[in-house]
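The lines below spell out each chain.
2 protein chains.
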Amino acid sequence: MMKIVIIGSGNVATHLTIALHNAGYEILQVYSRDITNADILAQMVDAAAIDDIGNVNVTADFYFISVSDRFIDDVARQMPLVKGVVAHTAGSVDMSVLNKFDLHGVFYPFQTFTKDKELDFKEVPVLVEGNISHARRVLMEVADAISNRSQKATGEMRKALHISAVYACNFVNHLYALADELLAHKELDFSLLKPLILETTQKALSMKPHHAQTGPARRFDHQIMKAHMDSLPTKSFHHEVYALMSESIMKMYDAD
Amino acid sequence: MMKIVIIGSGNVATHLTIALHNAGYEILQVYSRDITNADILAQMVDAAAIDDIGNVNVTADFYFISVSDRFIDDVARQMPLVKGVVAHTAGSVDMSVLNKFDLHGVFYPFQTFTKDKELDFKEVPVLVEGNISHARRVLMEVADAISNRSQKATGEMRKALHISAVYACNFVNHLYALADELLAHKELDFSLLKPLILETTQKALSMKPHHAQTGPARRFDHQIMKAHMDSLPTKSFHHEVYALMSESIMKMYDAD
Chain A
16 MMKIVIIGSG
26 NVATHLTIAL
36 HNAGYEILQV
46 YSRDITNADI
56 LAQMVDAAAI
66 DDIGNVNVTA
76 DFYFISVSDR
86 FIDDVARQMP
96 LVKGVVAHTA
106 GSVDMSVLNK
116 FDLHGVFYPF
126 QTFTKDKELD
136 FKEVPVLVEG
146 NISHARRVLM
156 EVADAISNRS
166 QKATGEMRKA
176 LHISAVYACN
186 FVNHLYALAD
196 ELLAHKELDF
206 SLLKPLILET
216 TQKALSMKPH
226 HAQTGPARRF
236 DHQIMKAHMD
246 SLPTKSFHHE
256 VYALMSESIM
266 KMYDAD
Chain B
16 MMKIVIIGSG
26 NVATHLTIAL
36 HNAGYEILQV
46 YSRDITNADI
56 LAQMVDAAAI
66 DDIGNVNVTA
76 DFYFISVSDR
86 FIDDVARQMP
96 LVKGVVAHTA
106 GSVDMSVLNK
116 FDLHGVFYPF
126 QTFTKDKELD
136 FKEVPVLVEG
146 NISHARRVLM
156 EVADAISNRS
166 QKATGEMRKA
176 LHISAVYACN
186 FVNHLYALAD
196 ELLAHKELDF
206 SLLKPLILET
216 TQKALSMKPH
226 HAQTGPARRF
236 DHQIMKAHMD
246 SLPTKSFHHE
256 VYALMSESIM
266 KMYDAD
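Chains as they are written, first to last, in my numbering: chain A, 16 to 271; chain B, 16 to 271.
Bound-form chain A, shown alone:
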């Protein structure tokens, strides 16, 4: 059975490590700059915790670098040269950052992770890239072991996926946060939006979102848009967001 070292102890590292452990892989070590964090995750999967990158076990078959994007380069430089496959888990970082390792690649789980929230990794698409066919094969094997939705993807495809995730996850959540701000201002509860949010989500997933579009901007109803903007609070970017999103919707459907 393949032996794995995990570099990182954040949200992605945690979920990935647990999924690998549950799939029967042996987790040798968990590294974190903070030994307490390393220890919490290591204990969950019967691994050793380390906080010195120089102590990475060089005999493992597989190394996951699952740290913040901007630290991947540093971690790769500090890691001893290893013979196993080294992969990072970042959507927007080029594979070439791991060039010093003979076998390297990217293992990108396309999902948003919360540490304390369980999730079915089988449903998480995993996008895989490898520098040579052997690396690709090993990466796909591991991906298939923990997910039903693994596929190969180039760096360009991964970047498009990552940006689309920023839209559909981060920006969407921010719109929810702005909506909550508006409601709280009038002492209304965010849960009022629940049926509408669920319906919107289901619609977008069951038909093309392009065809599911509704609302004042889609109807080019300038009167309502103006009334809305006139009543928006001046704090945050409410005005700017309302104006730009409306303009963007109108542009998308202008040619229809």
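Please note: incorrect hints may appear among the correct ones.
Intra- or inter-copy, both count: the list cannot distinguish identical chains.
[As the list claims (entries may be wrong)] Within a straight-line C-alpha distance of at most 16 Å, the following computed EDC-like cross-link-like pairs (lysine to aspartate or glutamate) qualify:
id, residue 1, residue 2
1, Lys201, Asp236
2, Lys18, Glu41
3, Lys266, Asp236
4, Lys98, Asp76
5, Lys137, Glu202
6, Lys167, Asp204
7, Lys130, Asp54
8, Lys115, Glu156
9, Lys209, Glu138
10, Lys115, Asp89
To be clear, the hints were calculated from the coordinates, so they are not data collected in a lab.
Fit chain B to the known structure of chain A by using the hints.
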């Protein structure tokens, strides 16, 4: 049993009429400028179809004006004076547009409706406003008959709700459409986003969206944001939307 006249045959009118019919109310008439549309809905609820507003039955107990926001004023002017309660169903239109009727108000179902898509009206919040207590009482009675989530709300509250719905429904869907545009460009399927969209939605609904925020902007990761923007297509408003939403997120968390 209360007798009801429906003015309008669009998405909201259709779902509302069916819910009222299912709750046992008698639908006397369905009005639409287009008699074919009036007829389709009228047949579903054993009502008469009319396309002349002058032919509205003046003996009904309740009149729903469920037409596009900008036509509510016109419809109200053209309607004969009636003794029953007259309510429109728009979030952003003031109740005073119905001042000519002694008993009037607003009956705002806070949901996005698609004509051919069934939906459980019991879960739809209905926001109710009435000009006098008798109107309010009748409106709340009807709201309670078709929904478990009816509550009173002033015009100001309704407007905040409507705008929050534009954010959480219309703008969110537009972000999905923009994401789909990016993915299609790389021949990737929108369904790849499905687990991520479901997870994001569940997180926002189970915790405050303010606390669920993740992503490059939340981490103030300018390097990734720049890389993303450099790779965005120049068509549509991709650059502008990415830049503004990121700026808005950073502003929201700057003081944390």
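Hints, one by one, checked against the model:
no.: 1; hint: Lys201 - Asp236; result: neither (25 Å within a copy, 33 Å between copies)
no.: 2; hint: Lys18 - Glu41; result: within (5 Å within a copy, 70 Å between copies)
no.: 3; hint: Lys266 - Asp236; result: within (14 Å within a copy, 29 Å between copies)
no.: 4; hint: Lys98 - Asp76; result: within (8 Å within a copy, 81 Å between copies)
no.: 5; hint: Lys137 - Glu202; result: neither (40 Å within a copy, 23 Å between copies)
no.: 6; hint: Lys167 - Asp204; result: between (43 Å within a copy, 13 Å between copies)
no.: 7; hint: Lys130 - Asp54; result: within (15 Å within a copy, 54 Å between copies)
no.: 8; hint: Lys115 - Glu156; result: neither (23 Å within a copy, 72 Å between copies)
no.: 9; hint: Lys209 - Glu138; result: between (24 Å within a copy, 9 Å between copies)
no.: 10; hint: Lys115 - Asp89; result: within (12 Å within a copy, 72 Å between copies)
When the structure is compared with the earlier hints, violations turn up for hints 1, 5, 8 and for no others.
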